[in-house]
Amino acid sequence: MLTEIPILSLLIWVPLIGGFLVLFGPGDKQLVWSQRISFVISILIIFLSGWLLFLFDGSSGQMELVEFARWIPSLNINYSLGVDGIAVPLIVLTCFINLLVVIAAIGSIKFRRAQYFSATLVLTGLMNGVFVAQDAILFYVFWEAILIPMFLMIGVWGGANRIYATIKFFLFTFFGSIFMLVALIYMGSVIGSFNIADMQQMPLSMLEQTLIFTAFVAAFAVKIPMVPVHTWLPDAHVEAPTGGSVILAAIMLKMGGYGFLRFALPVTPDAASEYAWLLILFSLIAIAYIGFVALAQEDMKKLIAYSSIAHMGFVTLGTFIIFNLSSLDASSMALQGAMIQMISHGLISGAMFFSIGVLYDRVHSRNISDYGGVINSMPIFGALMMLFVLANAGLPGTSGFIGEFFVILSSFQADWRIALIAGTTLVLGAAYSLWLYKRVIFGKPLNDSIERLEDINIREKFILFSLAALIIALGIYPQPLIEIMQPSLEALLQLTDTKIAELNIEVAR
Amino acid sequence: MSIFSQLLIIAFAPLLGAIIAGFFGRRIGKKLTHRLTIGLVAISFILSLKIFLSHFYGDAEPFNQTLYHWASFANINIQIGFLMDSLAAMMIVVVTFVSLMVHIYSIGYMHDDNGYQRFFSYISLFTFSMLMLVMSNNFLQLFFGWEAVGVVSYLLIGFWFKKETAIFANMKAFLVNRVGDFGFLLGIGGILYLFGTLDYAPVFEKMQQAKVLQESAQGALTNGEIFKGEVSALAAVGLEKSFSPWDGIEWSAITFICICLFIGAMGKSAQVPLHVWLPDSMEGPTPISALIHAATMVTAGVFMVARMSPLFEFSETALAMVTVIGATTALFMGLVGIVQNDIKRIVAYSTLSQLGYMVVALGVSAYSAAVFHLFTHAFFKALLFLAAGSVIVAMHHEQDLRKMGGLRKQMPITYWTSVIGTLALIGTPFFAGFYSKDAIISAVSQADGWGSNYAYFAVMAGVVVTAMYSIRMLLLVFHGKPRMDEHTASHLQESPKVITYPLLLLAVPSLAIGWITAEPMLIGDYFSDAIFVLKEHDTMQHLSEIFGNAWAFALHGFVTPVFWLLLIGALTAWFVFAYKPQIAALSAKILMPIRKILQNKYYFDEFNQKVFAKGSVGLGKFFWRYGDKAIIDDGIVNGSASVVKRIANKARKLQTGYLYHYALVMLIGVVALVAYLFIRS
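Chains D and S, in that order, are what the protein sequence lines are.
Sequential numbering from 1 applies to the first sequence in my numbering.
Sequential numbering from 1 applies to the second sequence in my numbering.
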């Protein structure tokens, strides 16, 4: 009986409907109402995601818990949902981050709080939708719909220069996605189905693949983001409110990485293989070049935004290095690395942006030079931020290490020079992270107001300690996460390989 | 109790202490904090000693067991586990003993510090990390411990976080170490590439096969063909892969891996040119200088190379590099020690120089001599640091030698233990340092690899230099006329018992540990289950011929050139700095250019600061301004955006609110899509 409940639909619609409910509280008590409703909904979806973990088997590597309903029968567009080992961790991460964002908003959002809760919950529902949609059009609808609440979040609760940032954010991501829509419609109209699994099986000529792959790259590379289409991210982060930054960095960037794994690799493996060198090249540029750019930042949020781009470079590197690898061991390690890097970055970048939010709520500045010696008045916060900074620098024993470690090691199997360039993150990542920490946290208190700062309160403690616990737990024992993902990643590799082999046979004929 | 559970307790008892002291230290108070952490480290020490003795007197077999699978997928299986053999057994005794002494000492030294509990938490955490490093049975855990000790070192150098110099020094230490770790990680990548696993056991097994093959083939080969023999032995076990950085150049994979791993060791064990962080690390509290930056963490590199001896033995190139870098560090860092005036910095440069000795020994395949020097050095260098700390406390945190003098009267225990430490350091026969240093010098004299002549010169000259700076320090601190101000002079007194007892306890092994351990560790087969030497690299052979027993060898030590060099150094120091101080002033003037180079530490810091630190921030700014801002943003994005923006502005005028606007766009999109598909079909 319990297994028949449509858990995936619930994960989408509970937060979506909840997001509208919070707006309709009784007039005078609207704030309290919205707070309670959003809190209850957030807890509820945490349980739902836990339940999902419980129901999910994962040993087959195939889609599970599938749901199906006709949506636009004339076009064979369906409401089709399902999850595999690649989606499940991302959904759990989304639900978890959602709760933290809601809790953080109680303290730091001063106006239109109900609307803010609404935007957060709607975002969560839509992001879950992206990760569970098995119909390409449904996927696209969720994918684009996310822009609206995010746009509002930055536009309404953002900083001084928010209009520029929102427009840049919207145009970049919308521009990329249009091409994806065209590619999806093309494929759908050829095979008469928008089922993603059908698209993955679809035979495509090299020319078709190249065009479709280009469209996918346009969409996903902007989202993740890759150099040189990354410049929207620092602006969006700087202007976004804390929660917006957290959702953006922790979840939305992962949609790009997820897209590469769900679409680009299995649908167009030959084109991906052909142009893998280019994506590897841009990934390496992201790691090394952006590492230097991060070093030069004077604004805390910008620094972390650039650091996110560098870390996402490992996701794309791990994804595309598999075309230069011959053994299942090495390719699994590369994809595991890419996936773990996504999950881990979700936790660490979330923690970093929450930490900056904690400081911003107190000092109202993002400039590094307005800080110094924060640890004197905020020792608990200082200790937690130390952990996050070290995790950001990829310290073994934290989750930040695993993804980089796996990707560097598997790249070495392809070409040691790729590993050499990727390895520069060890030095650069440590340099910008620790230098930030030194300037902001260590030292004598810069001025009286810094000396009188209050240490983190119970809400902030809950947020930061729970992130810290997960970062360490994952770093010490990543095996459970690896086990959830491995069968699906192997299935993905198999699909990619068979398809490459098929085209080769066809070309040979 | 099984060995496995003993190992678990050894490693995790200090971690428990660290967690309790860190999270509940404030609540349980100072006394309970130090009692608890000391008790837990003591348990760890007693069990370590028990295991060490079972290897030393008994013949305990190497023990290798997995604790849990960290990551396992496809055919990759990365685990956390323990390898306990003679090498690890020796290391855990050193680590837990020095750690215990430093814990006790810190009760006195950190007495009034606000961060008392935090300090105990850190040093216990360090002990845990170091133990995980030395007890590891695989490369992942080795790297884990490697980085973890680095982090604790970072936290402890910056322990007084209000001090600008301290928080600069700790960042510098971490970053320089990260440069080394960068090499280390690539080396680990190479291991996975070449061996397909990250566990020690299969790696060493394969190298053992190569060794057997090579030695059996050697009978037929003449000396000149040894190198060929190596290559074919490696090829026979499938390890002949090579890397080509560019056309025409080929590096054997083993050499590549060994050099990468050694770069890691250079960072941690502070070898030129990655040594720059160690002198600055003296900004941290003195007990941690003794524990981390003298006795244990900095020797991790030496330990690692010794652990990897099966790999290094098959790369002449890597061994030559190790030899030359070690020799350079041994001599040139010692020279800097002569001109320093800060008591802690002298000991720091001395540590650099002694680490150089250990690394030279590694380079000439005298791994057991290197590790034995690590062992004796841990005791006498920890002793010297803690004695320096005792002096610093008595002098009210004055560290300048020029303001000390004549302290032996007020501080007899500190004085006599310092004398023992100094005599051990300079290699006086019968003291612990003598056995290890003479073994190294003997091994270097036997080596015939590339750079070994230079190394022999360096280690011999290093003896003079070591004697000079050590005796100079001893004389300037404890002898001569007092040069401190009235106030300090009137308060001078011997340190409390919590400080002097650790000094006494460390003085015992500094004096006597060589008598028992030198023979089995240097020429006996104590390390035979852990260290692996090819026959043609056996530079320890000569020593075992002349060694006899510990007493005979020490007596023989009085008639060797090494002893005369030592006397020359010591007497020069006495003559120049104590007997005729005007000569010191005169020679300082005559040797001004050299002195200036030494005082500026060969300008490494200036170079790094200007080129690497300023350079990379400058490069970052350049990239940001011209790459991100000028080309991408202003050129491509805002250029096209301004066009789009104009259109968007017009479109927006048609709508009242954002949501409407986007809903409409979406609707138009859907309609267009549906229309298109209808037309198509």
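Be aware that a few hints might be false.
Heads up, simulated PhoX-like pairs for lysine-lysine below, C-alpha to C-alpha not over 25 Å straight-line [to be verified]:
id	chain 1	residue 1	chain 2	residue 2
1	S	K621	D	K438
2	D	K438	S	K610
3	S	K614	D	K444
4	S	K163	D	K444
Hint data in this document are derived by calculation from the structure and do not stem from the laboratory.
These figures come from a predicted structure and were not determined experimentally.
Can the restraint linking D:K438 and S:K610 be considered satisfied, given a maximum Cα separation of 25 Å? 19 Å, holds
S:K621 and D:K438: Cα distance at most 25 Å? 19 Å, holds
Take a quick look at whether S:K614 and D:K444 sit within 25 Å of each other, Cα to Cα. 24 Å, holds
Just to be careful, I want the Cα atoms of S:K163 and D:K444 compared with a cutoff of 25 Å; is the pair within it? 7 Å, holds
Hint check: no violations occur; every hint is consistent with the structure.
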